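All chains should be built: construct the whole structure from the sequences, respecting the hints.
There are 2 protein chains.
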Amino acid sequence: MEIEIEGGSVTRILMGVSESTIKGHPHASISSRGAFDWTIQKIVRHNTSAFKLLFLHVQVPDEDVVFCICEENHSIMTVCHNFLLLGFDDMDSIYASPEDFKSLMNRDRAKGLHLLEYFVTRCHEIGVSCEAWIKRGDAKEVICHEVKRVQPDLLVVGSRGLGPFQRVFVGTVSEFCVKHAECPVITIKRSADEAPQDPVDD
Amino acid sequence: MEIEIEGGSVTRILMGVSESTIKGHPHASISSRGAFDWTIQKIVRHNTSAFKLLFLHVQVPDEDVVFCICEENHSIMTVCHNFLLLGFDDMDSIYASPEDFKSLMNRDRAKGLHLLEYFVTRCHEIGVSCEAWIKRGDAKEVICHEVKRVQPDLLVVGSRGLGPFQRVFVGTVSEFCVKHAECPVITIKRSADEAPQDPVDD
Chain D
1 MEIEIEGGSV TRILMGVSES TIKGHPHASI SSRGAFDWTI QKIVRHNTSA FKLLFLHVQV
61 PDEDVVFCIC EENHSIMTVC HNFLLLGFDD MDSIYASPED FKSLMNRDRA KGLHLLEYFV
121 TRCHEIGVSC EAWIKRGDAK EVICHEVKRV QPDLLVVGSR GLGPFQRVFV GTVSEFCVKH
181 AECPVITIKR SADEAPQDPV DD
Chain Z
1 MEIEIEGGSV TRILMGVSES TIKGHPHASI SSRGAFDWTI QKIVRHNTSA FKLLFLHVQV
61 PDEDVVFCIC EENHSIMTVC HNFLLLGFDD MDSIYASPED FKSLMNRDRA KGLHLLEYFV
121 TRCHEIGVSC EAWIKRGDAK EVICHEVKRV QPDLLVVGSR GLGPFQRVFV GTVSEFCVKH
181 AECPVITIKR SADEAPQDPV DD
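So the protein sequences, as listed, match chains D and Z. Heads up, the first sequence is in full-length UniProt numbering, so the first residue is 1 and it goes up one at a time. Heads up, the second sequence is in full-length UniProt numbering, so the first residue is 1 and it goes up one at a time.
Don't read these hints as lab results, they were simulated from the structure. Some clues are possibly wrong.
Just so you know, same-sequence chains aren't split out, so a pair can sit in one copy or run between any two.
[To be verified] Below 25 Å or equal to it, Euclidean Cα-Cα: the simulated SDA-like pairs (lysine to any residue) are:
1) Lys-148 <-> Asp-138
2) Lys-140 <-> Ile-126
3) Lys-140 <-> Glu-182
Just so we're clear, the structure is a prediction, and the values are computed from it rather than from any experiment.
This is the structure in structure tokens:
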């Protein structure tokens, strides 16, 4: 029996990706890389033309801005940009002028773009179609909102695989998405041997 | 870049499948069929040789028995069989002799085998490799135990997609598996238009 695939369309997989929390390392977190590798190896496999990966990175809500990396030419499109001088997550510096905020914002944006560039480049190397964008807000709320808007076939989120005690403080994004996202959700727990000594170093 | 797939092995997807609860309808439940269809259409697609589906049906613990349907010739292997005269889920009849239990047990087993036959036949038609077996026990505990034993790449469970109030009474299997299964889990919620008027009729 022939497998009927609706309209011959590709399977669109939305992946929530995050940066490593190690200061000065604007790299993909271990859990995000793990979730990506798993999705390629176990789901996409060699059937690259049948899938499209959508990468969403949610940054803390210090500004209301949307950036997109266009897969074809890696150009950056700024869709919306309302600068708010509130809520930066790096408190090591003192901000004395509007310029301080501007440079910080640029650095913050650059980190997010580096993160997306990592995944877009990997997709390009593998030969799987993709799109990537950044949104600001509460990660779990934004991811579920984007699922509603983008309507992917599947949402993949990495998880640090923490114990119940640690989960009280972190790692509730995946649990929230499993309950509230309006599409099937896979949580990829990081394997124990990939966990850094300090849980913050993911 | 070539996608490296460990040992060139297939992606093994374990699916927990259940019967419809409508009396006299030994058919796959709407949620099980939905989860199967989704997995074929969105994950396996036409890449049938890269996947193997493993169907696990968990029956209520009235006996400790394992049946397997062998994909190649549909023969039934009884691995273990310890008959216990306790805990049947159908209370419409009075059981007066050991023979009554035996015929009931045969009917129960036949229902479970029909269920697995449905999925094995569909896999055969589609051309995707599969295995199917029945275990007795508490569904959520047995599924997680089988994940540990069989070590699939992915567990897929259907869910009735009930509201928080209804979830208190049913539908906790998927939630338990998401938390406790030692592999990534996808819960496929039944879409609203597939829900029967009476939730019990799934």
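Enumerated hints in conflict with the structure, sorted upward | 2
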